[in-house]
Every structure is written in structure tokens, then in C-alpha cells.
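Heads up: the protein sequence lines correspond to chains A and B, in order.
Numbering of the first sequence is given in this note's numbering, commencing with residue 110 and proceeding in unit increments.
Numbering of the second sequence is given in this note's numbering, commencing with residue 110 and proceeding in unit increments.
Bear in mind the hints are in silico, worked out from the structure with no lab data behind them.
A couple of the hints might just be wrong.
Copies of one chain are not kept apart here, so a pair can be met inside one copy or by any two copies together.
[Unchecked claim] Result set (DSS-like, lysine-lysine): computed pairs, CA atoms no more than 30 Å apart in a straight line:
#1 Lys392 <-> Lys283
#2 Lys745 <-> Lys378
#3 Lys283 <-> Lys372
#4 Lys605 <-> Lys426
#5 Lys377 <-> Lys284
#6 Lys253 <-> Lys203
#7 Lys203 <-> Lys581
#8 Lys378 <-> Lys117
#9 Lys378 <-> Lys283
#10 Lys542 <-> Lys345
Number of protein chains: 2
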Amino acid sequence: MAKSLAEKKYTVHFMPDNIDIAVEPGANLMETAIAAGVHINASCGGASTCGTCNVLIQEGQVKSRRTDKVSDIDYARGIRQSCQSRISSDLVVKIPVESRLEKEVLSQEATGIAAPAPIALATGWQFNPPASKLFIELPSPTLKDNASDLSRLLRCLRQQYNLDNISVEFSVVKKLARILRDGNWKVTATTLLDSDSGQRLINIEPGDTRLGHYCLAFDIGTTAVRGQLLDLNRGKVLARGIDYNGQISYGEDVISRIACCRKTGGLKKLQRAVVATINGIIKGLVETAGIEAGEIGHMVVAANTVMVQLLLGLDPKYLRLSPYVPTINTVPLVGASSLGIDVADHVHLYSLPAVASYVGGDIVAGILGAGIYQRKTVTLYIDIGTNGEIVLGNSDWMISASCSAGPTFEGGGVKHGMIATTGAIEDFELTPKLEPKITTIGGAKPKGICGSGLINIVAAMLKAGVIGQNGKFNTDLPTKRLRAGGDGYEYVLAWKAATQIGKDIVFTEIDIDNLTRSKAAMYAGYQTLINSVGAKFSSVEQVIIAGTFGNKIDIENAITIGLLPDLPRDRFIFIGNGSLLGARLTSFSNDLLCDGQRVAGMITNLELSENADFMNNYVAALFLPHTNTDQFPSGKIKEMQH
Amino acid sequence: MAKSLAEKKYTVHFMPDNIDIAVEPGANLMETAIAAGVHINASCGGASTCGTCNVLIQEGQVKSRRTDKVSDIDYARGIRQSCQSRISSDLVVKIPVESRLEKEVLSQEATGIAAPAPIALATGWQFNPPASKLFIELPSPTLKDNASDLSRLLRCLRQQYNLDNISVEFSVVKKLARILRDGNWKVTATTLLDSDSGQRLINIEPGDTRLGHYCLAFDIGTTAVRGQLLDLNRGKVLARGIDYNGQISYGEDVISRIACCRKTGGLKKLQRAVVATINGIIKGLVETAGIEAGEIGHMVVAANTVMVQLLLGLDPKYLRLSPYVPTINTVPLVGASSLGIDVADHVHLYSLPAVASYVGGDIVAGILGAGIYQRKTVTLYIDIGTNGEIVLGNSDWMISASCSAGPTFEGGGVKHGMIATTGAIEDFELTPKLEPKITTIGGAKPKGICGSGLINIVAAMLKAGVIGQNGKFNTDLPTKRLRAGGDGYEYVLAWKAATQIGKDIVFTEIDIDNLTRSKAAMYAGYQTLINSVGAKFSSVEQVIIAGTFGNKIDIENAITIGLLPDLPRDRFIFIGNGSLLGARLTSFSNDLLCDGQRVAGMITNLELSENADFMNNYVAALFLPHTNTDQFPSGKIKEMQH
């Protein structure tokens, strides 16, 4: 956009971040916040339907379209939906607590404090990174030996490293003559092994630069992006970084992101948003480790199929339409800088291959990292989220499915739901008098309920008889906490005065209903996979729960509500972020990289969306824990003991 | 360069082309002519030393540095060296006839009239172009078969064409989803076979586009660029084009071009100049054939090593310095449009591999096209020019050399020398009264002498005794044509009134000397190669003369002066433009492409610049025809008959 310097601009000051930005008159306020780097919650991606991006206009004027997401009282005190507001003067804007995303919780995770070490891991692999640095001393040319610079280099690579049939990138050719002479015929070559085209010569530097040999491993999640800086000489993690995926402002889940791509320029915006997030993380990683960004020679990414397509700038529209076809599962190497990523031009981006539209490289990374493909043990791998991914199998066979669990586990579709940041209710108990004992993330005043909190609330209420197996409140109970609200019966978790948001935080029957549907979708997914191979739940020898959300789940409570199958507790293993684990291992070992491609190829995906068995299983699971209580013997035993 | 619109500009009008251009005050006049597309002769590349870029300022003012290249009389009438002139007003500039390059002769060649059919050709090859178009009908995706778009395509390529392990360019991935659906699951894939990385998928189009499947073959010579448009379905040449290499204005030979690269921005200017020439030719080819430029799917180039490096934007400076090392002999595929060539983004440029700094892909193309590597016949392959290239061998062995013959054969270093365009004296006889009978190219009034003319002049004078074997004029002869001039003795070929240039056209002893050195370098080259393998001239069973200059040589006269060895005349074969022939064949046949790479690898290059045997042979050849007359029995027989 070419702009005349004379054009009038308005200044917008965002609170509490204290960030200023100058914008054109008429600019959209939500997009302005994104441009300013102010994290804002916008679940629906600016479609005006979610009401989570509301802000308080403290000074100045906006032109706002009013929807039913802003109450009369709020409107009067200056609350506006930022996605529906255009800037018409200098502004001071406050992002209210419920519209803000906070980095604290993520940061805690980044330091590694909250990340438990995985206890199921791939074994037996060699440390042989796909990217290598090779030091070469070349004989100077003479009249008797005046082979071309490139022939000389290739000859030495053959003689000194037994490397044959290496293909050479033109960018190397362009600087080769200068680098060979700058280095006085001592140079360091960077090679990259690619399964398609074999060894590639991707960079050449003067002198011996082998000591500086780093790689980036990234997990690009729909919600958060996590990066690690790896030392390829020592196989160590030098620094960890994390941030919200900048695409959140355009929609919280993959479906709303895909919808965003239907708008003109939408795909480009999403692509730039996630690249900006990645670049921010890289900057931090490089600073923390005290290395030069130019010493990074490779990059590995694990992400779900939609995230991969958006990162590469590929239109994901067909992913959303039946029969759910992605453009690619196995992504060719792509020049990272050509995508806008702030690394040297020779760095290639390797994406872990996907299985299907909704079983992506992040899951393949997890299967790889957990070594499931190496063992005979029949394993159920579960990644719980808006899109729940499930893999069942062992070293001989694997079958996968994805089930649309809905956003409940990330706080979506829940009256006071929120993602797992400061102030979210994450643990819950009931006193004998049916009073709540709540624990929030960061110990702050409560602001809402996160996914793990929901599970713990429903389990506690179910056990106490506050909720029946049909998901309805027992309205006869002697407590003022239970009352009829706007959305049917509700339980007051925290009275207005004790909250950050200035109103009662409640848990409604609709919320229970949504959670029940979500857990039913997951459970029906396991069951359909198990049925499809003619097995039973008891055949599952190991359950691996992946993902940062999975990490926070209380297994006992999850079984109580029927989200996890009722198996002996010692069969459950938390693996943490399997996606990042797989990305890291793939950076370290070409063996594992090849294994990853084999794993993606060996998994058979079962499409659940029009599967009759899945529908039956789903309906049967719409009880707490399940219609068929034989499947949950623990609950029955407890009842008997009761 | 950002320019204020308000800045003053001058208009320069070039005659006789009638081309106008607006320039900044102080702009260099030669560069302005180049920018305007006015062909101008500038042998020294603007170093002021050659005096060939003189122009007539008809109106307006220039600020000019005066050198001895402009006589007092010429200076008075407005002649200026364009390379030494800066523009200080609006101008009308006439390019005098001797400073102009004319396209007529080249155009004649382009129509094929002047190009004899080669009579030595590679045989036994299959028509299997490296670039293929494959039509594919894909099954539409279903829930039971919802593989990714790319997996589906690759599966069909495997099933329908037995193509496995194909690597996919990211540009194809980017448009794949759209093209598959636009084509309703019927598409045409373009694949390219690369010796490094195997089959590549480089393009995808909706529907069946197999009929439009074309390739460009180019010979990029130091002086002229020749292109052909090939139909890859029928193996036919659809159109031919030719133009002077736009780099001529920066220097006539490769050495002055390399020198030009030492200047800031010089390499970029040269790169752009040859690309502009190529683009002009492509435009003409596409128009002539009546095809769409987008239907061109591949491009093959044969050129000497310096031309290849300049085209790719690689600094050629080390080519000029001992030990004469090029950056690359075997060039990886390069995106043609990334070099500025006006073709679709998926078109790759393949350059025939070179042997050494001065034995390039053009020579490999010729060896390939002439099929020398296929026969047991011991062949001497000769490409005569400023840089003379020689290859000796057969299917079992080959040895090459290049000798710096100097610019004589292209009219350089000769008082009235010129390249072979209209008005150049190309044939010459002497009457018994020692009067000249001259023939000029195009039948025009004489303007100068071209290389083949020089050979014919010296041969005729040698036979008539006007010149002795030592290269000196016999000054006792009764003719006014022989006289003492500024450069020693000279023979007047044409009196002033009969010329285009308004002065006597003469041939001097210095000219004879230069021609003798040039032919001696070539002859010493053959001899050194033959000696190096312990053979004799009589072992050579076939002499193939390549190049457009070679085509014009009178064999008998060339033997008379000692430029060609005195072998039975039926052993000599003209092959014409071997470079373009090889480029075309390589476009048609992957077998031949592989052969070309094998040929480049099997040729041993002998560096002559510090070779003692070469120096001896050279000194011995500084007689007409040679010090050792045993080597030229024909001459002795004639003498005996005389």
C-alpha cells in the first residue's frame, strides 16, 4: 500500500500493554490490535458472532456496528466489539481481562518447568542429522589441475567424505568462486539429505564453521507455537520459546481459519500471522542461546495439516469440504526464507508428513517420538483437542481417526469457558455442603473455566450427585449455588465479588451438554477404531496421552466422566508435546526422519464423519460416563462401595 | 535509481535508425546508444582504445575527451568517440557506416539459406525429450479414497506412466488443488528428467495440453546469439532467430567482457544485455511459429564457458587468471525466469556441460552433434575464432585444447578489419597485372575486410609472389597498389572513391603479421594435441570444421597459408553451427543429453598457455605456410609444377 506522507493518521494507545500504533482513519480496531502485536481473543475470527473481542473505548471515537454481543449496560460504559469498530479519532483502548490472551502460562511451559519428561520414547536410533556440516581442505588449482571450482569441491567431498551424487543448489554455485578463495581453499559445506533427491549441497562458507551448526524444531499448533533451538553437534536443546499462534485473532479453531481464507487476502494474512509468530520465537531463541541467526542451517516443523497448508500459503478450502482432501501430506522441502521466515536463504523447511486432512504431521511426530511403531505393544495414542486425533496400533499396523470434539476442551462453547491461562479454574472439589473449592491457574481471582477444569467440575458433581448420569442438575439439593439462569439451570462457581470479570462465574446445563458431546465424540472415536480391527478395549496395552491439554488431565476424573476408557491406570502414559518431540528427533536423526515417512505411509485413516458405527458409538456415549456401564466397571465398583 | 520527475532530460535522436531516447544530462553517449537499442561497434568495450565507436554529432553538444582515435579532419566535422562523450544538450547523432553492426547478414543465416546441412551427425539415438507432457485422468476423491491431491496425482503417474520417485517442485504444489479441480480431474503434467535428481514434476495444467509442447534451443556465442523453437511432439524446428549478442557493446571478445565485469555493476549489465538479446529472439520465435510463450516448457543452451557464467550472473574473473578456473563446468538446472528470461516460471534452463575454462558447452555440443564420440574414426574437430577450440579423438579417447588466436579472424587487430557483415571483402583474386578482384558480402561497396577475406587475400598474394613466405611484401613489383604507409608497406585493396568509408582500404604488413600469428596459434594447437598422443597429422582420418566462420573458409586457401593441415581434401567436413545442433539434439533426446555429460567427462583438456611443445610449434608455424615445408606437400608440388 503506497501512502502519501501527508495523509492523516490516528494514534491508538492500547492498555494495559501501553502500546501505540498510528493508523489510517477508518481502520478496523481488531486488525489494528493485531498489527500492534496486542494479543486479543477473537474466537470467531472477526465474524462478530462470538463477542470475545470486546474492548473498552476509554478515550476517542469509533464507528461501531452494534450486535447483541454487547449488553446495554456495557455499551453505555464504552464497550465495543473491536471487530465491528472503525477508528475515527485518536483512541485510548483498554483490552478487558476476558478479551486478553496472556503469555505467562505459556512462558512457564517454555522454561520446561511444567513439561514432564516423556516416558515412552523411540529407541535405537543413530544421531545422524539430515543437515551436516563438512570441513574440506581443497588443493589449490594449478595448470595441471584446473578443474572447475565445483568439480574440485565435489571431488573433495567424494574423497574426504565418500559423498557421491550430491546435487548442488544454484545459490551455492553463485558464491562458490568467492568463498573458496576467501577461505583460502578451506571451506565448510552444509549438506542436507532429502528423501526425494538425495544429498544436496545447500551452503558453503569460508573456513571451518563446524562449531556453529544449529537447527530449529517447531511445533505449530492451532493455539500455540513452540520452538526449540538445537545444537546439531551435541544433540542438545539450547533454548525454548513459545507464543500464541498469531492466527488466533482470525479465529480460534482450524475451521474458522479455513473460513477466513475465503475472504480476499485472508490466506496471506494467516500465513503472515504465523510467520510473524515464528520469527518472534526465533529472535528469542537466538538471543537466549547467544548464537548468530546465520548459523542456523535447518528447520523442522510438525503441525496439523491445516497449519502446514497455511504456513506454506496453500489454500486449505478443500480440507473443510467432504471428502476432506488436503493438497499435500508429504511436503517437499521449501526454502524457509521464501515463506518469510527470518533465517538464511539456504535454510530449508522440512515438514513432518501427514496421514490425512485431520491427522497431521504433529500426530506422526508423536507416534514417532513415542516409538509406537517400534513395539508390538498395542497402543492407543490420543491427542485431545477441538480436533481430537486418535491412533491405534503397533509396529505391524496402525489405524487413525480424527473426531470433531468441538472447542469445549479449549473453553469454547462454554458460558464462562476460556483457554488455559491465568485465572482459569483448573481444579475443583465440592465440600459436603456442596460449596466449591476452586483452584485457578496462577492462583489469580477466577476469570473463567479451562478444559481440564470442566472435566474436574463435572466429575466432582457427578460423584456428589449434583449432576445425574443424564447430565442434568439435581435441582432438589439444598444450596443457593444452584439456580435457574438465562441458559437453564446453573451452578455458581464464584460470586461476582470474588471474580476478575465483575460478574458471577457459572456452570450451566448447556455447558454440561457440550462437554458430554465432546467427550462422547472422543470415546466413540476410540471405540470405532477398536471395533474396526475386531478388538476390545481390554486389548489396548498402553494409552499414550499427548498434547499440553492432555498433560493437565486428571485421569481418574476423565474416566469418571467417560472421556478416557476405564482401563488399569498403569496403562496410561503422558507424553507431553509429542509434536515437538518428533520434530526434535527428526532434526537429530535421518533414521527417524525416514521412519516418520514410513509411519505416515503405514497408517490407515478411517473417516468417521459418515461412519455408521461411529454414530452409534457416539449416541451410546452421550451419558456420563456411558449408556453401557459395563464399559466403566470402576464407577460401578465405587457405587457398590458407596 | 529514484529520479525526481522535475529533473531536466535531453533527447538524443539516433540516425539512421530514427530512434529517440531521453537521458540525464552528462549521460555517456555509447551507453545511451546501447540503452536505445542502437547497435554500435565498440570492440574495446568503452576503454577508448579501439576507435570503432566513433559517431557523427550532427546537432547539439557533447563533452568529449579527445584521443588519437579521431583525426583532426574528423574531429572538425563532428566525429567523436561515443564512449568518451557525455551528453550536454539535445542531440542528433549519426552512427557512421563503419561503426554500425548490421543485421542483414545474420538474418540471411537465420532463414537457413546460408546454413549448409551438416554431413556428420550423431546416430542411433531415441527421440525421448528430457521434458515430457503427460495427460492424466484422476479418479475424483471420495470418503473412501481421500488421499491428498498430490498423493493422488503421484499414484496416477505411477499407475498410468510407470513413473516412480518423482520429485515435486513447490510451485506445482502451490497451484495443484486449483488446477485439479479446474480441469475436473483431467490434467497435463510436465516432467523434466534431471541427471542429478531424476524426474521432476515442474508444471501442471488443467485439461489436455499435450499438443502445445515446445522447447527453446540456443547457441549463445560471444558475437551472435542464435535460437530455435522446437516442437517436442514432432521433433521439428518451427522457427529460427538470430541477433548480435547485446554484450558486444561492452567488448568484442570474452577477455574484454571479463574485464568489464571488474567495473561496478559490470556483471549485471552483461547479464542483462545477453538476456535482452535472448528475449528479443524468443519474441520473434513465438510470433513466427504462432504459439503462446506459455507453451514453452524447456530451454537448452550451448555456449562457451564465459558466456555461460555471464548468463548465470557468475563472476568470470578467475577464468582469465592462471590457472584459468571456471566456477562450474556442469551447471545445475536453473529457473530460466529467475535469470530474467521471458518464459513461464516452470521453465528450467539446461546448459550443456563444459570441459574447461576455454573449452565450453558449445564444443561439447558440437562433438555430440557430430557424433565423434560414437565412431572409431580419429577426428580433429576445429572451431576457429578469437578463441580457437580444438578436440582430437574418437569413441575411445578425446583430448582438447584452446588457443588464443586473437581477434584477427573476426577482423580485429587488422587496420581495415571488420566482422562478416555487409560490405566486408570476403573473396579476393589477383589479376596477372596484380590488380585486385574483390567480392564483398551483400555485393555492397567495400567497407573493410572480414576474416575469410583475409585468408583469401594472403593466399592469393602468396601464390602470386606479392607476399613472401616470411609475410613481407615484395616491394619490387610494378604496381601502384603497393606503397609505404603509416604502418609500413601496404597494398591498396580499394581506392577511396570506390569505398563506403571515404578512404582507401588497405592491407598492411602488420595485418599479415597478425594473421600469421593467429593461424600459427591454431596450427600449433593441432600439432601439440597430435604430438601429445604420439600421433602424426596423417593419422587424422577426418577434420570437422565447425562454426559460422569455419563455414566460410576456403579450404584450399586455408591450407595455402597454413591455417589448416595439408591433408587429403575429402577428409574435411563442414558442420556449420555445431553448438546449436548439439543444443537441439539435447532437447530432443535424453540419451544424447546423457551422452553429452559423458563426453564432457571423457575429454582431457591440455592447457597450452605454458606448454613448451606448443611454444615450439607456434614459432615453427610463424611462416607461410610453415617453417617445415614437409608438412605442406601440396604447396611444394605446386611450386614444382610452377
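Hint check results:
1. Lys392 <-> Lys283: Both ways: lysine 392 and lysine 283 sit 28 Å apart in one copy and 28 Å across, limit 30 Å.
2. Lys745 <-> Lys378: Neither way: lysine 745 and lysine 378 sit 52 Å apart in one copy and 85 Å across, limit 30 Å.
3. Lys283 <-> Lys372: Close across copies (18 Å), not inside one copy (40 Å); limit 30 Å.
4. Lys605 <-> Lys426: neither (43 Å within a copy, 78 Å between copies)
5. Lys377 <-> Lys284: between (32 Å within a copy, 15 Å between copies)
6. Lys253 <-> Lys203: Cα proximity of lysine 253 and lysine 203: none, with 75 Å in one copy and 51 Å across.
7. Lys203 <-> Lys581: Intra 38 Å, inter 98 Å, cutoff 30 Å: neither.
8. Lys378 <-> Lys117: within (25 Å within a copy, 42 Å between copies)
9. Lys378 <-> Lys283: between (33 Å within a copy, 17 Å between copies)
10. Lys542 <-> Lys345: neither (52 Å within a copy, 94 Å between copies)
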